[in-house]
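Asker: Sequence:
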Amino acid sequence: MVELVSKKNPIKSKSKRKNSNLLPILITIIFAAVAIGAYVALSKMASTGNDYQLGELREGSINVYVGGNLFNVITNVTRIQQVVENIISTYNLENITFLMFGTRTCPHCGAMNDFFTTEFRDEYFVVWLSGGENMTWFVEIASAEYEAGFPEQYAYAVPQTLVLDGDGQVRAIVIGELTDKNFWASLLEKIK
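Numbering (my numbering), first residue to last: 97 to 288.
Do not take every clue at face value.
To be verified - Cβ-Cβ distance ranges computed for the label pairs, FRET-style: (1) Gln-249 <-> Gly-151: 31 to 37 Å; (2) Gln-249 <-> Ile-184: 17 to 23 Å; (3) Tyr-187 <-> Gly-245: 18 to 24 Å; (4) Asn-117 <-> Thr-201: 57 to 63 Å; (5) Glu-152 <-> Gly-227: 24 to 30 Å; (6) Gly-228 <-> Asp-276: 30 to 36 Å; (7) Pro-203 <-> Lys-277: 28 to 34 Å; (8) Leu-118 <-> Asn-165: 41 to 47 Å.
Rather than coming from a laboratory, the hints here were simulated on the basis of the structure.
Please read these numbers as outputs of a predicted model, since none were measured by experiment.
Cβ coordinates follow ideal geometry from the N, Cα and C atoms, glycine included.
All chains should be built: construct the whole structure from the sequences, respecting the hints.
Answerer: Here it is in structure tokens:
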């Protein structure tokens, strides 16, 4: 009779089996740690979701916000201010605090229009970009933002809401949809 001898060392194969059992356990522990870390981070973000970074509002400059946080500051405000004065004059507007540019086909513009119409009806005016003078005004503002160093995707984005002080001076521009009353109340408090 011939006895077959295994080339595997019985001691080594047992230790390999032990190590191969550890791998799924280690992967599970790592995955659980990452999941718990992500949960904690998201919980902190959710609990501080209304803590916007508004920055200081300075005379003669315009703070620009994206996602409710200060993105940039425009210091050469002359062109933007001239456009706003033309709009106020053309539409015979008085006591306007919010001047929004948007398109009728943009769902974010629609949401912002609904928000402002509900929350700030008497202080709000929308400039729908359907061509003509309205489009020219928006392009002038967007060009000023782009020349101030804004990426094109922000400068030419809608909705854009210009926030005016009591003297009709543009103090802030908010790019995108933001329907949180706390943000707008905090911004207005800084402006007035």
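Asker: Work down the list of hints and note, for each, if the structure agrees.
Answerer: Here is what the structure says about each hint:
Between Gln-249 and Gly-151, the C-beta spacing of about 21 Å breaks the proposed range 31 to 37 Å. With their beta carbons about 28 Å apart, Gln-249 and Ile-184 fall outside the hinted range of 17 to 23 Å. The beta-carbon spacing between Tyr-187 and Gly-245, approximately 30 Å, falls outside the hinted interval of 18 to 24 Å. At roughly 58 Å, the beta-carbon separation of Asn-117 and Thr-201 lies within the given 57 to 63 Å, and the hint holds.
Taking the beta carbon of each, Glu-152 and Gly-227 are about 38 Å apart, not inside 24 to 30 Å as hinted. In this structure the hint that Gly-228 and Asp-276 lie 30 to 36 Å apart at CB holds, the actual value being about 33 Å. For the pair Pro-203 and Lys-277, the supplied restraint of 28 to 34 Å is violated, since their beta-carbon distance comes to about 20 Å. Between Leu-118 and Asn-165 the C-beta distance comes to about 45 Å, which sits within the given range of 41 to 47 Å.
Hint compliance for this structure: hints 1, 2, 3, 5 and 7 are broken, all remaining hints hold.
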